[in-house]
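Novice: Chains A, B, C and D, in that order, are what the protein sequence lines are. Residue numbering for the first sequence follows our numbering, beginning at 1 and increasing consecutively. Residue numbering for the second sequence follows our numbering, beginning at 345 and increasing consecutively. Residue numbering for the third sequence follows our numbering, beginning at 645 and increasing consecutively. Residue numbering for the fourth sequence follows our numbering, beginning at 903 and increasing consecutively.
Take the hints with a grain of salt, since some may be wrong.
[As the list claims (entries may be wrong)] Chain D is faced by these chain C residues, among others (derived, beta-carbon under 7 Å):
1. Leu648
2. Arg654
3. Leu740
4. Ala747
5. Gln750
6. Ile873
[Stated by the list, open to error] List of simulated lysine to aspartate or glutamate pairs, EDC-like, C-alpha gap at most 16 Å:
7. Lys132/A / Asp1037/D
8. Lys651/C / Glu1008/D
9. Lys613/B / Asp569/B
Just so you know, these hints were derived from the structure itself, not from any lab. The C-beta atom is built at its ideal place from N, Cα and C for all residues, glycine as well.
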Amino acid sequence: MTGGLAACHRSGANAPQTVTLASIAYPDQGHQVYNGLTGVVVRDGWLKGELAKRGIALAVTPVPTAVGAPLINEGFSAKRIDFASYGDFPAIIAVAGGVPLKLVAPLGQGQDVYLVVRNGINAHSIADLKGKRIALHRGRPWELPFSKLLDANGLKPTDFTIVNINPAATPAALAAGSVDAAVLLNDGLLVEKKGIGHVIWSTAQAPADWKMRAELFGRGGFVSEHPDLTQLVVDAYIRAAAWSAQDANREQVIQDASRGFLPVDIIRKEYASATYPWRERFSPIFRPDVGAHYHSVAAYALAHGLVHDQVDADALLDDRFVAKALKDQKLEGFWAAGSVSGTH
Amino acid sequence: MSFEPVPQRPPHLSQTGPQTGIAGAESARSARGALTISSLDKSFTISGTARKVLDGINLTVRPGEFVSIVGASGCGKSTLLRLIVGLDDEYTGEIRLDGERVATTSLDRGIVFQDHRLFPWMTLEQNVELALLNTDVPKSRRAQIVADHIALVNLTGFEKAYPHQLSGGMAQRAAIARALVTEPKLLLLDEPLGALDALTRVHVQNELQRIWMQQRSTMVMVTHDVEEALYLGDRVIVMTPHPGRIRRIVDVDLPHPRDRRSPVLHRLKDEILAELTAAPTDTTDDARGNLVLLPTREDR
Amino acid sequence: MSLLDHKPARFAVGLVAPALLLAWWQWQASRGGSNAVAFASLSTVGGAARELIVNGTLLADAAATLQRAFTGLGIGATLGIALGIAMAMWPLLDRLLGPLLNALRQVPMIGWLPLIGLWFGSDEGSELIVICLSAFFPAMLNAHAGVAQVERRYLEVGQIYGFSASQRFRRILLPAAMPMLLTGLTQSLAFAWIAAIAAELLMGASVGLGVTMQQAQTQQRLDIILVTIAVTAAIGFAINQLVYRIRSSLLAWQAPAQ
Amino acid sequence: MATAPASFLPSGSRRPGFKLGPLPQALVPPLALFAVWQLACLTGLFPEQVLVPPSTVARTLARLAASGELERDVGVSLRRLLVGFGAGALTGLAFGAATALSRWTEAALWPLFLLLWQVPVIAFLPVLVLFFGIDETFKITIVALATFFPVALATFDGIKSVPRAWFEVAQVYRTRLPDLLWRILVPATVPAILTGLRVAITRAWVVLVAGELLAADSGIGQLMETGRQLFQIDVVLAGVITSGVIGFLLDRCARALEARATRWKDA
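Starting from the given sequences, assemble the full structure and let the hints guide the process.
Specialist: Take a look at the structure:
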């Protein structure tokens, strides 16, 4: 409480009127439902209440998944957005483009990427697909795990015909035989369920830092000017993570994740296949693999000419807020400090 | 020629327009619609070279007179009307109506075009009433005046019709009603019946004669048709082309309404046609080439 | 004289092609295999339609999309008509803005998105701007052409009766340009409708036909995609017919075409 | 609109040295826009990542042009445009003529046409992919579809507005069908169809660029999309300028052709 009051004084002079949070959202029955922990934060209402006590409004901006990343980057650069929970790749691109960001809270173990092969193609590994046509939407975050997969197998993109295509059109392309395989997110599981093809590989079989990650990023300027407000936002996410980590809330979390998105059985299947305990799915810990992941994203982006300047991944990570939140909420030790998944 | 006042004139006629009362010494009758044209020249510039279309036009039209102008294509007769009505004001010389120099359009001068130019998006009634828009006729009386003029051209019952629903002759009569509704001192008619078939034409000619006799405004009509010119005109101006000049002015000293079979009309028609066809219509060369071939102007 | 002179018969003939299309569709769906991705059987589609009607999604979607399309149309077409008329009346304005607008017209919407994203974020405003832009250009071009093509002979009539500038505009230019204005408006409406769906599909919103379509694409629910396509087509068609009727009554003064 | 009116000015009214021709005049507003744009960037009110100064965009354009990337993308896009436009225009002409000339085909096909016209192409994506794959055929199909509808509509309207009397004249002279088509129908409908084609080509261009975003490895649309994903707004704006200029030129060429082919109208 005293901390709160002190914070109030610290940012009193130039406190913003609104804190804006952007998050990927899906339309569901006439409403935008926010993906993952943001959904819990919004429903919880704690953050809204805390901000209101300081006379600050909370604005949550939904962004559609298809155009989410550029939209959030544009919003960050125009200072229309203060925080966003979105992907690793666009965040690196924003930083390289001169929009300073801070990773203020990791959000879990990352998202798996799937390699789906259409029916009638006899392939069991990426090497079997040599010379074949692979659908991949370029410039999207799942390009990175695919690239790592190629590297690990001593393959080059030129060993395949890479077909740049929107994920919405990918199932039809697989079904029609226009492409032989596709790199997809968990919609790949849906392709499998529809009987169009089957998954031959996913990042679940790869080191933890191969997964596509999404975190809570804060706008650099905002974080340094308003550490108190940043702390509040991070607190709210930790609360949401702790709530989601409860086994009792497991079913609710699965239902929420499926809303406006994939069928619930796909979500359940994906979650069930995880090699780590349920609570770790929501871990906000700055584990070594998180740092390693951002180093590798930054290096990949530079190596492939996607950005022109080296991004300092260490400067991106800011673990002060999570540490304080864990301490304040007495959650130290609740989540594992080291890597929890991976076969390597 | 003397004209009797006609009792059927619409009552608002007695109101003076904004431009009347210029020549106080003259009688009210002679003050309405006296047109004087003197030394009128008009040229167009076509691809850099000036071409004379009207050359030294002198003409006086008495108030209440009906003057017809005939001539071959290119004699500048339509241009002359555009100058008189004020749609074109680039000329040298003088055009005066009741002593006032013509510079722009005015409600004193009405015109009926060959194409009726009724607005297709308005009913007959609305088209006629449109002409009263900028007059000082009170709004309460406009409907009656419009109805009177529609009746004058025998179109009662078609008030709500759109132009496309009218026949050519009806549309042309509607255009005459629109031109007359403002009570212009001078009504100009630019081949008003040119687009009509022969039978309709005769019919509208009779109508026009009746209307003129009823209204007694000054009218100047341009036409290709010599017979029509003679049938309606107190005088017929014969023009020759390249450049447009008045070649002859014919007096038609017959009372109205006229009989088409009148031998006088037939004789005059033959005379005028002979005059028109005799004139060389050389269009191959420029105007200066024609100049010497043309007979001198016969002016009275 | 002909069967086609009877309205119901004509209507029935018009149904043959869609019916054949549906039959072909059903046949494709029944072949199974890869076709299942692009063709859902008619009974599945019917089931999805029932589901969406019963839970109210379809009605809410249609209402939201219509509202978006018409708001965008209202703003875009009004501005377009005003600017088109102004450019036709003042040649200087035309010479200054004409080429620029003509070039801007050719810029695909994707080019605007970053700037729209910058100024309007992902709010409803962004979608509205996209719809407004789509509605703006046809309205502007046709209004311009309509006013520019008003025949001189009609303007001369106005001159003869001493029309003021406003009388000339209201009594001659506007009605004479009306057919073209309405043509532009019809095009604007079609573009606004398509843009509303596309904006919902690509830019996200909470309710709308495009939203449901996009969601169904994610979930690979062909039946729902087809229902939304059908509703989109039907509403677009209905609007088209309505506009046609309004146009006919507004332009009753025009002679029939033949 | 925006024809070149300067040539109708009275000649010699200005000394040639000071005469502002139609082209420079047309350049004034874009130049003014660039100036305002550059000034807006200099104020620093807008983040430079999004409101990229025109000087940077110009450098990016030069870089893309020098590397051959621009030429390749524009070339690919234009080829798709031409093939797709050709296919769409031909089918549109045929369909429009067939429905306008026969009451039966009109009654049978026109309602379906109006129905399909209302659906954005993007909604049909899965069906299109299934039938046309995702290679060049797919992109060409999208362009062809975008061309088909306006051309069919213009052809239909154009033929419908040919006065019946002209057909009657043909009937009186027992004109054979090819002559009827070639001597009456074609000249009478050419203005309307050309207008339809002009509308279609600019529309096709816009749709092509949009289509390239969905599935393409090259082309001006893909250039812009990649630019946006990678937060290189200068590349996006370079694409905007390129596609705007190309669209503008296409429109101008189409207008010039239209004016040439319909000279008899103004005579």
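Novice: Quick check: which numbered hints come out false for this structure?
Specialist: none
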